[in-house]
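*Asks:* One-letter residues, chain by chain:
Number of protein chains: 2
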Amino acid sequence: MEREMSTGRLTLPTDVDMVQETIRLKNLLGADALRDCDGTDMPEELLSQDAKIYATYYTTRKDNAWAEANPEEIQQEYLISDRVTAKDTSLRIRLMKGFHTQQLKVNTIDDPKRWWEVIDRTTGEIVSTDHWQYDEVSGEVVIDTVPYHQYTVSFLAFLIWDPVHMYNFITNDWKDAPHQLTYDVRQPKTQAYVKEKLKRWCEENPRVDVVRFTTFFHQFTLTFDDQKREKYVEWFGYSASVSPYILEQFEKWAGYPFRPEYIVDEGYHNSIFRKPSKEFLDFVEFQQIEVSKLAKELVDIVHSYGKEAMMFLGDHWIGTEPFGKYFANIGLDAVVGSVGDGVTLRMISDIQGVKYTEGRLLPYFFPDVFTEGGDPIGESKDNWLKARRAILRSPVDRIGYGGYLKLADEWPGFIDRISHVVNEFRQIHEHMQGSQSYTAPFKVAVLNSWGSLRRWMANQVHHALWYREIYSYVGVLEALSGMPVDVEFITFEEMKQGIDPAIRVIINAGDAYTAFSGGDNWKDPDLVCALRRFVDEGGGFIGVGEPTACQYQGRFFQLSDVLGVDRELGFSLSTDKYNTLNRKHFILEDVTGEIDFGEGKSRIYAQGEHYQILDMDGQYSRLVVNEYGQGRSVYFAGLPYSPQNCRILLRAIYYAAGRAEEMKKYYVSDVETEIAVFEKTGMLAVINNTQETKKTDLYIDGALKANLTLSPMELKWINYKEEL
Amino acid sequence: MEREMSTGRLTLPTDVDMVQETIRLKNLLGADALRDCDGTDMPEELLSQDAKIYATYYTTRKDNAWAEANPEEIQQEYLISDRVTAKDTSLRIRLMKGFHTQQLKVNTIDDPKRWWEVIDRTTGEIVSTDHWQYDEVSGEVVIDTVPYHQYTVSFLAFLIWDPVHMYNFITNDWKDAPHQLTYDVRQPKTQAYVKEKLKRWCEENPRVDVVRFTTFFHQFTLTFDDQKREKYVEWFGYSASVSPYILEQFEKWAGYPFRPEYIVDEGYHNSIFRKPSKEFLDFVEFQQIEVSKLAKELVDIVHSYGKEAMMFLGDHWIGTEPFGKYFANIGLDAVVGSVGDGVTLRMISDIQGVKYTEGRLLPYFFPDVFTEGGDPIGESKDNWLKARRAILRSPVDRIGYGGYLKLADEWPGFIDRISHVVNEFRQIHEHMQGSQSYTAPFKVAVLNSWGSLRRWMANQVHHALWYREIYSYVGVLEALSGMPVDVEFITFEEMKQGIDPAIRVIINAGDAYTAFSGGDNWKDPDLVCALRRFVDEGGGFIGVGEPTACQYQGRFFQLSDVLGVDRELGFSLSTDKYNTLNRKHFILEDVTGEIDFGEGKSRIYAQGEHYQILDMDGQYSRLVVNEYGQGRSVYFAGLPYSPQNCRILLRAIYYAAGRAEEMKKYYVSDVETEIAVFEKTGMLAVINNTQETKKTDLYIDGALKANLTLSPMELKWINYKEEL
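These protein sequences, in sequence, are chains A and B.
Heads up, the numbering used here is the position in the first sequence plus 13, with the first residue counted as 1.
Heads up, the numbering used here is the position in the second sequence plus 13, with the first residue counted as 1.
Chain A extracted, bound-state conformation (with noise of 0.2 Å):
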């Protein structure tokens, strides 16, 4: 029985041309709130209409004027020059070579020699400040050099482009809007400034309720090349984070003297998969520090005006980091994210500290879906098949579309689409009553360099995105986002001083020497001693990848002994291997077809005495289960995201923690299906994650209860304490 539509939990874009259509859609969906977006405005009439009112607010651009009369105060970037190989004694280091002049302007106001670094990339020194000079003439730095040595010139440019608005002038093929600089809102003159135009904002827009910073102070790190396409782009990056301002504070904090090589990273510009340095966790630290800091200055004058004020979790987020431990201070009333999967929703639902969530489903109502070719219908149902199993383990307290709403109300069937969704997501709320889903009487936890600091955010280039080095690492995440299982996310640090009792699989997934699978860390005899005691002593371990890697000693995987499982480099290729499947296993109960490790690791070899093969590719494995002492262990070579791969891991994990016989607590057979549990409210959830017809038998406390069938992507609910 579809029960009859409710209201609320949902955010509508809108228009000045749609005020009608509007109105109509907030009642037919019970939309509770409306939202101007990029490029569309917010009509009068619609000002006093029963709904919150959000608009979007920037901090660090729109005002030229201000950064043109203040030029030291616009938003900084350490550049890396390009590396160059000296041909003689002498050379010569165009600085902006590479870069696009109308983004970026070497910063000349602060002394090279103080701020800038030259570096002998063939032995890593740095070359003096008295063997490298700056010609300002040519743009040139001209350093004294070792014939053949490679080098780069680390340096700090002026964002005389806000690189969002870059982007969308690019995107968008604008020709006449004036280029927007940005300007730095932790320095004191613009701090001022920001603070007291932000009053006069809210004095002026009285009836809007939620101011939606979009966002804060810096700009994660996406630079432009010459030719004004992506050169850089790290939604994670911290190198447009910095001014001498800043960095003069940041010595002061830290005790020791910055160098700009914390920032340009040897040109990786610690991108999420470098382990990071002391230095750079230093910096996050301190600029999160500061940013919330000042961040609830500005919130605590939104709320002096009696609105909410809510963050977007994108664009200029650098430092507030929702995940650590400096974010509840903003005082934030709400966080607003885009929502591109499971792990992405699981990214805001997860976060503490605010009142509320909101997540943005896909499609955004833009012209490049909602066009003759595109599937705005198929795109809706994909992202919420995989959004919706993640809402039911962690819910985000609202959704919301954004773009052209004209878009969506004429694409035939589109707005009966959403209102399936709408209606789905209202009847989570309705039967979780603000309960918990039931997960497994163990946590397990991700075991990788950024810990919970980067929840949900690991072996992810930019988010939600497809990519080939990286898709069979997500495919863990998210499994996991929406698996009935509590998941936490520590660093090697934690894990050596002694981690949450209550974990008992920790899963360490990543490529060799990334800050997700570890690199050195894995020659630290404490952190080894402390994974070991744990299987040894009942834990379970989930390797995927290239786990524990970090050649060493004899061994690649350093944790060969507890995985019984290595990799073949070439200097191990004249010792025997003895490698036979046996496929008869508990985590491959459920499984009838071939497993997908997506591009999952070549040449590992199952060793020791203890393991198991459950999946071969020629003479290596991809699949090897393994106990040690009391614990065991499971190896995949990949584990790209499937309704499948999601079962495997599952039962992957109840075998690792030794729990297997508990998986049945509540339980569906059909691997495309997935049960969710609230036990305080006695309603159960089991989901079709297919668009076919699926029969499957659901079990509790061990026992068959029932064979459903369900209709394609049904959310099908069950008063199970009294239906059952």
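Source of the hints: derived by calculation from the structure; they are not laboratory data.
We put the beta carbon where it would ideally sit given N, CA and C, even for glycine.
Any given hint could turn out to be false.
[Unchecked claim] FRET-style restraints, in silico, Cβ to Cβ: (1) T121(B) to D513(A): 44 to 52 Å; (2) T102(A) to E736(B): 53 to 61 Å; (3) D513(A) to K110(B): 32 to 40 Å; (4) G631(A) to K368(B): 39 to 47 Å; (5) R105(B) to P454(A): 36 to 44 Å; (6) D395(A) to R105(B): 29 to 37 Å.
[Said to hold, decoys possible] Below 25 Å or equal to it, Euclidean Cα-Cα: the simulated DMTMM-like pairs (lysine to aspartate or glutamate) are: (7) K100(A) to D537(B); (8) K677(B) to E736(B); (9) K509(A) to D133(B); (10) K100(A) to E640(B); (11) K100(B) to D533(A); (12) K509(B) to D101(A); (13) K100(B) to D537(A); (14) K536(A) to D157(B); (15) K536(B) to D95(A); (16) K241(A) to E622(B); (17) K288(A) to E581(B); (18) K110(B) to E622(A); (19) K288(B) to D589(A); (20) K590(B) to D381(A); (21) K590(A) to D381(B); (22) K590(A) to E612(B); (23) K536(A) to D537(B); (24) K75(A) to D51(A); (25) K368(A) to E321(A); (26) K288(B) to E622(A); (27) K734(A) to E581(A); (28) K536(A) to D133(B); (29) K536(A) to E581(B); (30) K509(A) to E550(A); (31) K536(B) to E581(A); (32) K110(B) to D589(A); (33) K509(B) to D133(A); (34) K100(A) to E736(B); (35) K118(B) to E622(A); (36) K100(B) to E622(A); (37) K338(B) to E261(B); (38) K590(A) to E482(B).
Knowing the structure of chain A, use the given hints to seat chain B on it.
*Replies:* Just chain B now, kept in the frame of chain A:
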């Protein structure tokens, strides 16, 4: 016109039951030497034939009485125990676990505290001798441990069963043959005994012309597990060439104390894929000096009886190093070895310091091939196609066969086939008349850790055996083995010191961190500068797989500037790559189909300003050329052997050398045909490397001279100075 069969240059095996057949085949094929083999005996009746008589001679086994009477002079091997993780503060490691007690026996004659080593593999530290002891009763070493650290014991064991004898015993399922013990000819009592025995043998065998040593003193590493399966096999391995007697001499010679770790090498036993340590290279040097000295004494004995001394390149060949600087001192008359392909042919034919070389062609006349379902004729054809092109560049002086002559004689058509092989082989010698075939007017060098010491031995596990991990590298050598270029093998050290100016192209091919790619040699400024200068000044560099790879200062390929490519390890996923394909290039002019990169490395991207991508795999690249100063580079993701890849490499070499216009000095157009020119005799050979008819255009000095049609496998001779 088929030439009439001439005689000589051919060795045939025989057996006691094959007297008349041997004589018939000897005459039919023009053989001039007869030999016994393992498992066959030379019949008395043949000793008077008009042919040289070879006799297999073993220096280190087939005399159990001696071995048993002198147990302290039995050969020894350094073993490493299982890696065992301590769960407490004490640990017992059973040394022989995983080894076969019929092959190896712990050496308790020499003081364990002096010769063994217990290592904490979690820290890499040696456990001091007062923290462990050997419990001889249980065969266990008892160690004071740190919980959850992992330990190994390196120890000496006696080789109480000769590994090759054990291998033959197991393979042929012998039942009653006594296990042959080995004795160490280097030790004083055995040395005297073996010399006397050899003299006696020479006296007792006056009709034997050639003493075929099989071989000298130390077996390559061949260790069996407790189920009598191969456990570790390294054809280049020195682990079984040790004893306290030898090691004490080594210490004196080297001037520093010996450590077992120099031999067991973290358990990798100095596999040829390991970047060799200074200490291991010292040991190899020391062994060469001592082995060559002692081998010379045995050879002198043989010569004193008017006989020739021939060495089999295999089994107990360790320490002889035919391409080492002491080999010629042995004074051997000949070397014989098995020819599996072009590379192994060159490994024999390139040996200097002997009067002649002999290649034993395949198939071996054994029942595994000469059986229903076997294809000895097909194997002979494949073997000859690969060997022939190498012989045209560097001929062995003789060929031969081994095994049971009866099997060959009775297989229909087989004698015809080898008659054809023998005929072509003799033609080559007749037409070359001891001269060299034409090679490119510059040299090509293969750059790795081993250089000329392991000429034609790079990137291989077992000779001529296909391994998934290496065939994409071995293809480079196999192509070179029959290519009209002079090939050198040089070390990184030599590269730094300055190389032969005739070398215009350098090849670095291998997996990252192996001896062949070079590992952290690439952090050495002297090396990278030498190679950069070489290319900048006009040299060519060809990289295959992971050339110059060593993650350091922002790059994985340290010569990414020269190569125009680097490999994505995850750290630069945020850096945009704009790689596009352009197949139009000199290197691909003859190529019509897809290129086979084998197990080519993935995630290769082009970078810089001077590259051109000739082949891609999705967004990544597999074949890239780059210009660097006056020079050029070519990158291949992999290059398995095929006639087409052979041609691609030839073109890449001429392109890299900057000598493209000279390539058609002598040239045939079809990629599956090749040309060899003997300028001194005025003869050229065009070979068809396939079993199909081929049309090919012949160029001389860049001008088209003839359109040839070659029958399957044809070797066509043209007196080009007169006929063209």
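*Asks:* Would you mind marking each hint as holding or not holding in the structure?
*Replies:* Evaluation of the provided hints:
1. The hinted window of 44 to 52 Å between T121(B) and D513(A) holds, with their beta carbons roughly 50 Å apart.
2. The hint said 53 to 61 Å for the Cβ distance between T102(A) and E736(B), and at roughly 58 Å that hint holds.
3. For D513(A) and K110(B), the Cβ-Cβ distance of about 38 Å falls inside the hinted range of 32 to 40 Å, so the restraint holds.
4. Against the hinted window of 39 to 47 Å, the Cβ-Cβ separation of G631(A) and K368(B) comes to about 45 Å, which satisfies the hint.
5. One distance hint, 36 to 44 Å for the beta-carbon pair R105(B) and P454(A), holds here, with the actual separation near 37 Å.
6. One distance hint, 29 to 37 Å for the beta-carbon pair D395(A) and R105(B), is violated here, with the actual separation near 57 Å.
7. Using a Cα cut-off of 25 Å, the hinted pair K100(A) and D537(B) holds, with the two alpha carbons roughly 17 Å apart.
8. With a CA separation close to 19 Å, the supplied pair K677(B) and E736(B) stays within the 25 Å bound.
9. For a cut-off of 25 Å, the pair hint linking K509(A) to D133(B) stands: about 20 Å separates their Cα positions.
10. Only pairs whose Cα atoms come within 25 Å are accepted, and K100(A) paired with E640(B) is accepted, the gap being roughly 15 Å.
11. Among the hinted pairs, K100(B) with D533(A) is consistent with the structure: their alpha-carbon atoms are about 23 Å apart, no more than 25 Å.
12. About 18 Å separates the Cα atoms of K509(B) and D101(A), which keeps this hinted pair within 25 Å; it holds.
13. Taken as a hint, the K100(B) and D537(A) pair is honoured in the structure, with Cα atoms around 17 Å apart against an allowance of 25 Å.
14. Of the supplied pair hints, the one linking K536(A) and D157(B) holds, its CA atoms being roughly 21 Å apart against a limit of 25 Å.
15. Distance hint between K536(B) and D95(A) is fulfilled; the C-alpha atoms sit about 20 Å from each other, no more than 25 Å.
16. Among the hinted pairs, K241(A) with E622(B) is consistent with the structure: their alpha-carbon atoms are about 17 Å apart, no more than 25 Å.
17. Proposed proximity of K288(A) and E581(B) is supported: the alpha carbons are some 15 Å apart, at most 25 Å.
18. As the CA atoms of K110(B) and E622(A) are separated by approximately 12 Å, the hinted pair is consistent with the 25 Å bound.
19. At most 25 Å may separate the alpha-carbon atoms for a hinted pair to count; K288(B) and D589(A) meet this at roughly 20 Å.
20. The straight-line distance between the Cα atoms of K590(B) and D381(A) is roughly 24 Å, inside the 25 Å bound, and the hint therefore holds.
21. Under the criterion of a C-alpha separation no larger than 25 Å, the hint pairing K590(A) with D381(B) is consistent with the structure, at around 24 Å.
22. Under the criterion of a C-alpha separation no larger than 25 Å, the hint pairing K590(A) with E612(B) is consistent with the structure, at around 20 Å.
23. Taking the CA atoms of K536(A) and D537(B), the gap is about 24 Å. The hint holds against a cut of 25 Å.
24. At roughly 12 Å between alpha-carbon atoms, K75(A) and D51(A) fall within 25 Å of each other, so this suggested pair holds.
25. For the hint pairing K368(A) with E321(A), the CA-to-CA distance comes to about 10 Å; that is within 25 Å, so the pair holds.
26. A hinted pair counts as satisfied when its Cα atoms are at most 25 Å apart, and K288(B) with E622(A) does not qualify at roughly 30 Å.
27. A C-alpha spacing of about 53 Å is found between K734(A) and E581(A), which places the hinted pair above 25 Å, so the restraint is violated.
28. Proposed proximity of K536(A) and D133(B) is supported: the alpha carbons are some 12 Å apart, at most 25 Å.
29. Distance check on the hinted pair: K536(A) and E581(B) sit about 23 Å apart at the alpha-carbon level, within 25 Å; holds.
30. Between K509(A) and E550(A) the CA atoms are separated by roughly 16 Å; this keeps the pair inside 25 Å, and the hint holds.
31. With a C-alpha separation of about 23 Å, the suggested pairing of K536(B) with E581(A) holds against the 25 Å cut-off.
32. For the proposed pair K110(B) and D589(A), the alpha carbon gap of about 16 Å is at most 25 Å, so the pair holds.
33. For the hint pairing K509(B) with D133(A), the CA-to-CA distance comes to about 20 Å; that is within 25 Å, so the pair holds.
34. Distance hint between K100(A) and E736(B) is unfulfilled; the C-alpha atoms sit about 51 Å from each other, more than 25 Å.
35. As the CA atoms of K118(B) and E622(A) are separated by approximately 23 Å, the hinted pair is consistent with the 25 Å bound.
36. This hinted pair checks out: K100(B) and E622(A) have alpha carbons roughly 17 Å apart, not beyond 25 Å.
37. Our distance criterion of 25 Å between C-alpha atoms is met by K338(B) and E261(B), whose separation comes to about 23 Å.
38. The straight-line distance between the Cα atoms of K590(A) and E482(B) is roughly 14 Å, inside the 25 Å bound, and the hint therefore holds.
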